[in-house]
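J.: Residue numbers (our numbering), protein chains in the order written: chain R, 367 to 656; chain E, 138 to 582; chain U, 232 to 620; chain X, 41 to 477.
Worth double-checking, as some hints may not be accurate.
Below, simulated BS3-like cross-link-like pairs (lysine-lysine); rule was C-alpha separation at most 30 Å, straight line [as the list claims (entries may be wrong)]:
no.: 1; chain 1: R; residue 1: Lys-421; chain 2: E; residue 2: Lys-295
no.: 2; chain 1: R; residue 1: Lys-583; chain 2: X; residue 2: Lys-150
no.: 3; chain 1: X; residue 1: Lys-150; chain 2: E; residue 2: Lys-384
no.: 4; chain 1: X; residue 1: Lys-120; chain 2: R; residue 2: Lys-583
no.: 5; chain 1: X; residue 1: Lys-85; chain 2: R; residue 2: Lys-499
no.: 6; chain 1: X; residue 1: Lys-404; chain 2: R; residue 2: Lys-617
no.: 7; chain 1: X; residue 1: Lys-85; chain 2: X; residue 2: Lys-151
no.: 8; chain 1: R; residue 1: Lys-617; chain 2: X; residue 2: Lys-85
Covered stretches of chain R, going by a simulated chain U footprint (3 or more residues, C-beta under 8 Å) [stated by the list, open to error]:
no.: 9; region: 463–474
no.: 10; region: 498–506
No lab work stands behind these hints, which were simulated from the structure alone. Just so we're clear, the structure is a prediction, and the values are computed from it rather than from any experiment. Cβ atoms here follow ideal geometry from the backbone N, Cα and C, with glycine treated the same way.
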Amino acid sequence: MISTAVSSEILTAGIDVGTSSVKAAIIRMNAGGWKRDDVEVLALRAERIRRRDLKQVINESFHTVLEDAGVSEKDLAYVASTGEGELVHFRRGHFFGMTTHARGAVYMLPGSRAVLDVGALHGRAMRIDGRSKVLSYRMTTQCASGSGQFLENVARYLGVALEEVGPLSKEAKEPEMVSSICAVLAETDVINMVSRGISTSDILKGIHLSMAGRYIKLLRAIGATECDVAVTGGLAADEGLIQAMRELIQKDGIPMLIQEDPQSIHAGAIGAALWGGYRHEVLERKRQSA
Amino acid sequence: MEIAVGIDLGSTTTKAVILNEKNELLGRGITNSRSNYDVACSIARDEAFIRARFALTGGFLGTDWETSETRNAVLDELERRFRMQQHLEQVSRLREELHHAAEAPRHAEYRSGLNDALDTILDSMVKNAPALYDTGVERKSDFFRDLASAEYMDLANKISDPKGIDFETLCGVYDAAILDVENTASDLSFDANITAALEETLAASHLNLEGDADKLRNAVVQARDAELYERGTVGTGYGRQRLPFPKEQIRSEILCHGLGAHYMFPNTATVLDIGGQDTKAIQVDSKGIVTSFQMNDRCAAGCGRYLGYIADEMNLALHELGPLAQKATTKVKISSTCTVFAGAELRDRLAAGQRREDILGGLHRAIILRAMSLLARSGGVEEEFTFTGGVARNPAATQALRDLVEENYGNKTINISPDSIYTGAIGAALFAAQGTEAPAQEVSA
Amino acid sequence: MRPALEEIVGRANALYEDLDFGAVTDWKRRNPGRKAIGYMPIYVPREIVHAAGMLPVGIVGGSDRLEIIRGDAYFQSYICHIPRSTIELALSGRLDSLDGMLFPSICDVIRNLSGMWKLLFPDRYVRYIDVPQNFDARVGGEFWRREIEALRDDLVVLGGEPITDDALNKSIAVYNENRRALIDLYKARSEQPWVFPTPELYVVMRAGNVLPPDEHTAMIRAYLDEAPREDREDKDHSRIVIVGTFCEQPPLGLLRTLERAGCWIVGDDLLLGNRWIETEIPTEGKPMENLSQAFIEHSTATASRYDAERAKGESLIQSVRDNEAEGVIFCAPSFCDPALLDQPMLVNALDREGISHTQFKYSEDTGQFGVIHEQAGTFSDSIRLWSEV
Amino acid sequence: MTNPKQPSSPGTIAEVRKEESMNLQKQMIGGHYQALERAPKEGRKVVYTFVPGNLTELIRSFDLLPVLPEINALQSGMRKLSGGYIAEAEKSGHSEDVCTYVKCDIGMMKKGNISPTGTKIPDPDLLLLSYTGCFTFMKWFELLREEYGCPVAMLHVPYQADGTIHAHHRDYIVEQIKTELIPKLEQVSGQKYDEDRLKESLKLSAEAEDDFVHVIESAKNVPSPIDAYFGGVFYIGPMFTAFRGTPEGVEYYKTLCAEIDERVRLGLGPITPDGEMTEERFRLVVEGPPNWTSFREFWKMFYEEGAVFVASSYTKVGGLYDRGFRHDPEHPLETLADYCMGCYTNLGLPSRIELLQDYINEYKADGFMINSVKSCNSFSAGQLLILRQIEERTGVPGGFIESDLVDPRYFSAANIKNRIESYLQMLEQRRKTGVAS
Ligand SMILES: Nc1ncnc2c1ncn2[C@@H]1O[C@H](COP(=O)(O)OP(=O)(O)O)[C@@H](O)[C@H]1O
Ligand SMILES: Nc1ncnc2c1ncn2[C@@H]1O[C@H](COP(=O)(O)OP(=O)(O)O)[C@@H](O)[C@H]1O
Ligand code: SF4
Ligand code: SF4
Ligand code: SF4
């Protein structure tokens, strides 16, 4: 365990620059602390990029989250970036996506031994230890079929808002199964289903099931069949997908536990902030011993 | 009159053509394949018949008109009026469907406001219709969906109120409604809409038609009542298996594209077809018979849909993409294989400060590069070379193709017809006209 | 960069980027009547080509700068990239300066490529070199000797001049020098990876594909002298070994990405064709036997070579130990059967030793490194963050 | 058996006949799997080896039982088990890019090594790595070596790059048999090498080989009585696997020959899963292995259209008997060496093209088809050049389809059907308009 010699309260920030949105978090923590009690999340922010200038979105998100937390930039002991963090020019350090999502997952759901991070373009499954070290991972390939973006496209063609996707899917009665289809050509298929009179709910559920199947495959591939799995990233907010995954593992009798947290979408940002606190302490210690 | 019908049920668009006894192109029709296939098929067919009847009208009008210009002006007026009738018919369908979509429970709270907003938009659309079909106005697309979407979004954006009926809500109901408009066949036929168009044309003051009213009326009636006997119908295209035809009336799209290209350009030796979701490279002999072919169908990457997706991503209309890409000044290498990732790469590159034009230039080149490989696989580019399929309508794609053919195969004649998108359907119609092997179908009228 | 270093690296870079192999054309202009012979990875006895008075030219595909048009016409999407770019190079006339081509047996793709070459370029000399998988000196050794003697005899006919044992021994000595220089370079990098960044080391090493060996040796030596004079700082990076890059080469961008993601490469199997014999070869006695012996006893272990004696992964683990590496990155070309089938066995070996590893695939024309950056970064993070805990 | 008691309709005779050889083969294979299952109890030892360059006669001369993992893989494919096995292998770290035979085998092993007929396959006592025509073989047995920890005997067969067997190639193989194989076989079996026994067996091989050639060459008849690809894979079974050099093997080919001769006499076409093919519309030559996971569906796409395969390269992976090679009892080790080197995938591309070209001419084919499988670099790398060359040399148009051996993910029925249909329609069209081929 980490020595708590210089343990004191510090403020840190984490900024997760994704392909579809920028997430920012401000936390207060006991430097070196690992438990949930050691940490207080002061403010969180997720901002869709849409077609805006990325740097501008980053700056805005950062300043808004600081405001929300009632903290000024100079009070921060560490600003950590993750994701496409190179654009965060005011960062002190950068941590990579899987490192931060794993850390965020362990913070939110301490029992997790696997993390499924599902964002706009990629899905990745990691197996981790109790201290969030990434032991192995698998990612979806260079094909966007079944990604968040894919789901967004489908929602658009169905005339459904993203927030409605989950609740609608949960109402499905006879899910219309889709084979894994190209994210671009999905449109044709979805429109076809609509014209065959299949309800929006059933279409969405079918897609959720197909996506869930893919993700479970990823989880299986890293040997996470008996783990508590924390779902992070934007799609964790999609209750339809979560439910589809639960149904599938139940059907297949896999003793996996799928969990998500209201803060799941912020896992990367929170994880970055936490690692920032940790590095701060390491650096402090180095400075003191020097 | 005996005619032959060819139908190309493509992944993106459905095309139909009609040939007369002399195998001359009498009419052609196109529609989005997005909707249900049967509907798409019958819409395209109806459209081809409408065109055919317009062509007949022209014929019946005869040549003893003052000048061919006036004659053409009259025909043009007639057709524009007719199109506007069709358009209004569809707008009223759209109105119905929008109000229907607004019935969804989640709109309950603000339903009446929403309905009012919808009516405001639709009233404007009705009001704007004549301008859209005015003389010399170039419409952005042949499809109602595209025309209506652009206008609707524009109007919705203007009247939306972030605190009241917001843009997202208006878009939401539209997405739902347009599907139904597309999926139901409204009566857009010659019969149903020509009379109103005729009267309006006759009344158009700038044409001074008083003296010739009967002549025009007669021609229209003759064209309307002309009997068109279908000597044969042949279907082709991506969705051909779903056409309600017997097997003998279905031909592979490869053969049809070969024959169609030969029909349009008799010296064709190599054909490249880039459609919505596949690309084909075909070699044909001097009779238009296919001697070898290659096709790729891995995914949407590198096909027409790819361009459609990118256009969406950039908030552009499909036909604006090419001209913009032609403004590229530096070569950008696009490396993503997947269309969706290319979308992300595009955003990255834009964020990194690269110019839109240059990126688009790179994308077009990337697509054509894939096609070049396929061509090489099928046996290279021989004299003459014909480019067909929807993507041949895109000037940046054709430019990239010209450059790459020149670089790799030297100077070759490259044929691109404005009708290139109908190549497959024409080939199918030619097969229908040949009608040799299935005598049974000759009786069908 | 200081001018002296700039000159070396600049030259190496220019050679790397020159898809037209101008260096070979130059050499032929300077040596009228002499021939240049291309060779693919890995196991080619360049000494024999050199002794024939010819220039051995290493061909490892077309990298990310070559636009593939005709090459794809010959290979399906599920075959690695190097054969298509190599064919593209040849069909576009860029390999016209080569009078012959050698294809050593390392996999079915290169093997079949030798036949394709014969059909596509019937006027040029083509030879497939079968590498034995039996390491008994009397069986495999004998076979290899006869195989390379057949090559020698071909080259005698092609060059119209005998190849004497004396000439062979001299060539062996020249290549011994070159191997020694490369070994020194690798050792220096392992000690100070920030002084000899891999993307730079790579182009210097790659210059050996087109330069005559003595010239190349001089370049390496000069680089070894100059690089340490540059003011370069160590960074908080982890030390890793990469494997899988013995044939199709990763794009430079990938090597840069790894460093950007916090990894110092301290061991690799890049361009293995230039250093597959691990020791010096005797320069006296019967050269063909010495060459054969060197293969049997001192050729480097790869996925393309059967190893009856050593356990899988032994040499990889050795490399990790020798270079004090903290982890291994399996970095193999997509669809490379030898490398990818070897991986699970190597993974097991590393796991047994408790050495961390990760893996991803590339192709020589990969242009997007976002995902690799993320993966390599996470790997480096996990080494850095956890080694301190 | 050539004397049916009462006259029946030709169709019936064919049915009966077909079943006879089929049943025989079924029994042989079933019996072999059972013998394997019993082997550990009976103290018999088991050798794993590959189809190309398999040394069945040598193995059997030591009373050892051969197991051919490729055959297990293809059987698993036909029985729709391969998808699960491949997933299992990929789970344990195998890449999706590599040969699926290997992954199917590894997956099967991880799931208990149950043969496709349900019997248990014993672990190997020796891995005889007949490294012929494919690099993947080496990796495959390296993987098995890790798993089983049993001895490996490597037999490296040089490649026929220029189409001639050189003296040092043959010497090299013979030396390896003498210094590497025989000692290990002796050690595992506890028996001394018995050259006379080997010679006996080779004599039987040669006998069956004559009949086998007669069968595959029967496709020269018009109409062809057999489908030399889809049907062919059954005919090669005993010859390419555990039954060469055995009396059962000889018996099988005798029976088969008689059946086929009868079909020729009656002018019958090949038998398909849907019954007899009545009209032969296209005669095709094919390069590349078939797809196993959708074998019937794939076959149907052809026979439905009246297309019959008259010659295939796949039925030559276990030797080019129809080009004259016979096992020669007089020179036992040399003949084994020559056999190995002559297997189809061990041939250079120019030789492969010449062979296919000859087939097209000899079998009066009007079409040429390549089924390119994702798994197999040995077959697939260079096939597009083969296609071009064949078209140029023969004027017969080529068709190209892509699938895989045992990975169901790579069999896209709609795409494949589209291509086949387009191709056959093209042949038809050319014929109609009198384009000479
Ligand atoms: N409420 C929601 N319901 C369903 N999906 C959502 C919701 N919010 C976000 N998403 C999905 O999450 C994705 C973005 O996830 P995120 O992890 O932020 O991606 P990235 O980091 O790549 O930007 C979007 O593509 C969207 O599909
Ligand atoms: N006006 C246009 N300008 C540019 N591109 C167009 C235009 N019309 C169609 N296209 C392109 O053509 C494609 C459709 O081609 P088409 O040959 O109809 O395909 P399919 O037969 O598969 O439906 C579209 O995806 C689009 O990229
Ligand atoms: S299938 Fe569709 S989603 Fe997948 S790579 Fe192709 S374009 Fe992308
Ligand atoms: S990259 Fe691998 S598969 Fe490709 S040619 Fe090289 S060794 Fe063979
Ligand atoms: S690569 Fe081909 S020959 Fe080799 S094992 Fe796989 S399928 Fe068989």
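J.: Each of the hints needs a verdict: does it hold here or not?
T.: Evaluated hints:
1. R:Lys-421 / E:Lys-295: Given that 30 Å is the threshold and the Cα spacing comes to 28 Å, the pair holds.
2. R:Lys-583 / X:Lys-150: OK: R:Lys-583 and X:Lys-150 at ~18 Å, within 30 Å.
3. X:Lys-150 / E:Lys-384: 47 Å, violated
4. X:Lys-120 / R:Lys-583: The given pair, whose Cα atoms are some 19 Å apart, holds under the 30 Å limit.
5. X:Lys-85 / R:Lys-499: Since the Cα atoms of X:Lys-85 and R:Lys-499 sit roughly 47 Å apart, the hinted pair is violated (cutoff 30 Å).
6. X:Lys-404 / R:Lys-617: 55 Å, violated
7. X:Lys-85 / X:Lys-151: With a Cα-Cα distance of about 22 Å, the restraint between X:Lys-85 and X:Lys-151 holds, given a limit of 30 Å.
8. R:Lys-617 / X:Lys-85: 43 Å, violated
9. 463–474: holds (count 3)
10. 498–506: Since three or more residues must qualify, the claim that chain U covers the region 498–506 of chain R holds, with 4 doing so at under 8 Å.
Hint check: violations occur at hints 3, 5, 6 and 8; the rest are consistent with the structure.
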